[in-house]
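Undergrad: The chain contents come next:
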Amino acid sequence: NAGVTQTPKFQVLKTGQSMTLQCAQDMNHNSMYWYRQDPGMGLRLIYYSASEGTTDKGEVPNGYNVSRLNKREFSLRLESAAPSQTSVYFCASSEMLWSGSYNSPLHFGNGTRLTVT
Amino acid sequence: DAKTTQPPSMDCAEGRAANLPCNHSTISGNEYVYWYRQIHSQGPQYIIHGLKNNETNEMASLIITEDRKSSTLILPHATLRDTAVYYCIVRLNSGGSNYKLTFGKGTLLTVNP
Chain A
3 NAGVTQTPKF QVLKTGQSMT LQCAQDMNHN SMYWYRQDPG MGLRLIYYSA
53 SEGTTDKGEV PNGYNVSRLN KREFSLRLES AAPSQTSVYF CASSEMLWSG
103 SYNSPLHFGN GTRLTVT
Chain B
6 DAKTTQPPSM DCAEGRAANL PCNHSTISGN EYVYWYRQIH SQGPQYIIHG
56 LKNNETNEMA SLIITEDRKS STLILPHATL RDTAVYYCIV RLNSGGSNYK
106 LTFGKGTLLT VNP
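Chains as they are written, first to last, in my numbering: chain A, 3 to 119; chain B, 6 to 118.
It should be emphasised that the hints constitute simulated quantities derived from the structure, not laboratory data.
If you want a taste of the chain B side facing chain A, the calculated C-beta under 8 Å gives, among others:
1. Gly48
2. Pro49
3. Phe108
4. Gly109
When the alpha-carbon atoms are kept at most 27 Å apart in a straight line, the in silico BS3-like pairs for lysine-lysine are as follows:
5. Lys8(B) x Lys59(A)
6. Lys57(B) x Lys110(B)
7. Lys8(B) x Lys57(B)
8. Lys110(B) x Lys59(A)
9. Lys110(B) x Lys74(B)
10. Lys73(A) x Lys11(A)
11. Lys74(B) x Lys57(B)
12. Lys73(A) x Lys59(A)
13. Lys11(A) x Lys110(B)
C-beta: ideal position from N, C-alpha, C; glycine also.
Please take these sequences and the hints and turn them into a complete structure.
TA: What follows is the structure in structure tokens.
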């Protein structure tokens, strides 16, 4: 099993350009998440999908859109990239929507390193 | 909200056991303790989690104190590839933010040859 696969691994964009980050999981998980990681900020949730057909905003959704294409795939789109979106983006999945009270750990991909100039 | 406290860094000799402590004195009765690690330039990796009882899997053991206010992650035979930042996590938010997984700063474990 590959687990959680993210593409691309690296990307450089110019301000105003758009792009889509792809994520796929092969663990038959119901819930998927997009996080960004910045120095000193930890991991911040952008959007999540509790189950196929549903998406919800997380902590920092502005400037992003998502699509839960099917149970396996969850994409993140930047419509008009800004330098503030320079970050490392992680996709994650879990059997059910993560809560500290549930027995459902998150599994992460290896990230997409995005630079916006 | 539960909060965790970990030492910023630890060293361990290769082949020896690494014992990583975590304090979570405000943990609620139904909240799990999760451990993740992040090797440089990789995504966070799930290691183990537990509620009350000690847990063991192929990667590590988790010892939770009886009062659940602290726990220790044990890597029984540390290797150089175990050098990483280790995060101890309990639920850090409420009021509809059950999905929020906040990693904090963790413990940088350096395994030395």
